[in-house]
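**Q** Following the hints, put chain R in place on chain B, whose structure we already have.
If you read the sequences in order, they're chains B and R. For the first sequence, the numbering used here assigns the number 5 to the initial residue and increments by one for each residue that follows. For the second sequence, the numbering used here assigns the number 5 to the initial residue and increments by one for each residue that follows.
Worth flagging that the hints you see were computed from the coordinates, not collected in a lab. Treat the hints with caution; some may be incorrect.
Intra- or inter-copy, both count: the list cannot distinguish identical chains.
The calculated DSS-like cross-link candidates involving lysine-lysine, where the alpha carbons are at most 30 Å apart (straight line), are [claimed, not checked]:
no.: 1; residue 1: Lys32; residue 2: Lys180
no.: 2; residue 1: Lys30; residue 2: Lys142
no.: 3; residue 1: Lys95; residue 2: Lys108
no.: 4; residue 1: Lys180; residue 2: Lys142
no.: 5; residue 1: Lys95; residue 2: Lys176
no.: 6; residue 1: Lys95; residue 2: Lys180
no.: 7; residue 1: Lys142; residue 2: Lys176
no.: 8; residue 1: Lys142; residue 2: Lys190
no.: 9; residue 1: Lys30; residue 2: Lys204
Nothing here was measured: the structure is a model prediction, and the numbers come from that model.
For reference, the chains in residue letters:
2 protein chains.
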Amino acid sequence: MTHQDETIVTAALLVIGDEILSGRTKDKNIGTIADHCTMIGVRLREVRVVADVEDEIVAAVNDLRRRYTYLFTTGGIGPTHDDITADSIAKAFGVPIDHHPEVKEIMLAHFARRGVEATPARMRMARIPHGATIVPNKVSIAPGFKLDNVIVMAGIPTVMQVMLDAVTPELKTGRKMLAVTIELLKPEGEIANPLEQSQKAFADVSMGSYPFVRDGRLYGTELVLRSTDPQRLEAAEADLRARLAGAGLLG
Amino acid sequence: MTHQDETIVTAALLVIGDEILSGRTKDKNIGTIADHCTMIGVRLREVRVVADVEDEIVAAVNDLRRRYTYLFTTGGIGPTHDDITADSIAKAFGVPIDHHPEVKEIMLAHFARRGVEATPARMRMARIPHGATIVPNKVSIAPGFKLDNVIVMAGIPTVMQVMLDAVTPELKTGRKMLAVTIELLKPEGEIANPLEQSQKAFADVSMGSYPFVRDGRLYGTELVLRSTDPQRLEAAEADLRARLAGAGLLG
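Isolated chain B, as found in the complex (with noise of 0.2 Å):
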């Protein structure tokens, strides 16, 4: 990983997939690769979610691509003929795109080994847009691919897990985000007020206020507190303990 400490990286997320939308699959990637960027020091800005049509895949695609250091794809990478991302990629950059030569010996190799016939279909997924690094896949082989700053990654959860961890040596990263979470058992009402002259008096460290369900009902509040500036995070923790503290709002 290469550390510049100094630089904020960016990404972007873009869901692809009929089956999330019509809620048939739950998705998970989502929460996975927030997590993920979180801990290695990338911000995540942005998710989208687009049907498996060509014209939103691409729009999206150039869309944000062009807006975040990286843009993530998870999904339509599979073999049958709604996988329809690799091409939607080469469409986005305007590159060709045919089947990987490294990739084929790969797939042919672990189709002879398992005795599994390699179909048109099954083939189909060593197409790889020109000028596309590959991200190895150790699960079910069929790899996913980086063309610039665009990560195309598979969108079952445990496939998509193993290309994530294969990409991220190769990623820059930035400071990592730091938090702090104080758990209240207060509604989030009775908060606004020293949470926000706080926020006022630490601008350069963002608080977030959640509210959290226990039993099914609303039972209190969280405020989570990010800097990357581990100085700065604990003195405006400091400063957010007094003022509740002030306001008789802790324990």
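**A** Below, chain R without anything else, positioned relative to chain B:
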């Protein structure tokens, strides 16, 4: 619910919140709203997740509300400084925002009954853009709202759910999408060919192929056929089953 059986009614969903993008909170509303839309005959066509940043919310709202019959939003309507959805919606529409007299009254009465102080932060939740109608909230009182075709709901899933149920009778709905699933204990790569043939023969019936994992490994494939026309759906299913049987892939 106004049934307009010949119309296609579309929707987008905008999820608003830093906590989803950081991974701190795992979104559940996308799946719930996707299921709900499918159930009532609304096609969810796009989802976006954006941060608590006014410009980004305004841009996404104005883009999405113009492209779909409805835009649902979740998140950012609580009492704290990071809850900026109502103001962003007002800005997107270029309308003023102020305390809504009826909402104010409902909230003051609720707070009085429960002995809760009507702090300025809490009363902030009574601020509603001009021209909006109220989407009642039986769980925690502070309501959502509907402005033109934009439906603004809470981020907490239980609260979102009551708002979604409350607004549903007001929505236009289209023909319901019907679905048939065929589960096969075969990998996608073997099914791709008959599936593509069926899709070509029934271009009006959407056919998707979804590998599924069981016991941690790829196990089989679900084929999902979708159409608003029960007769076409039945014919397409028969066609696909015949092709699968012909290729020795059924049972």
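**Q** If any of the earlier hints don't hold here, list their numbers in rising order.
**A** 6
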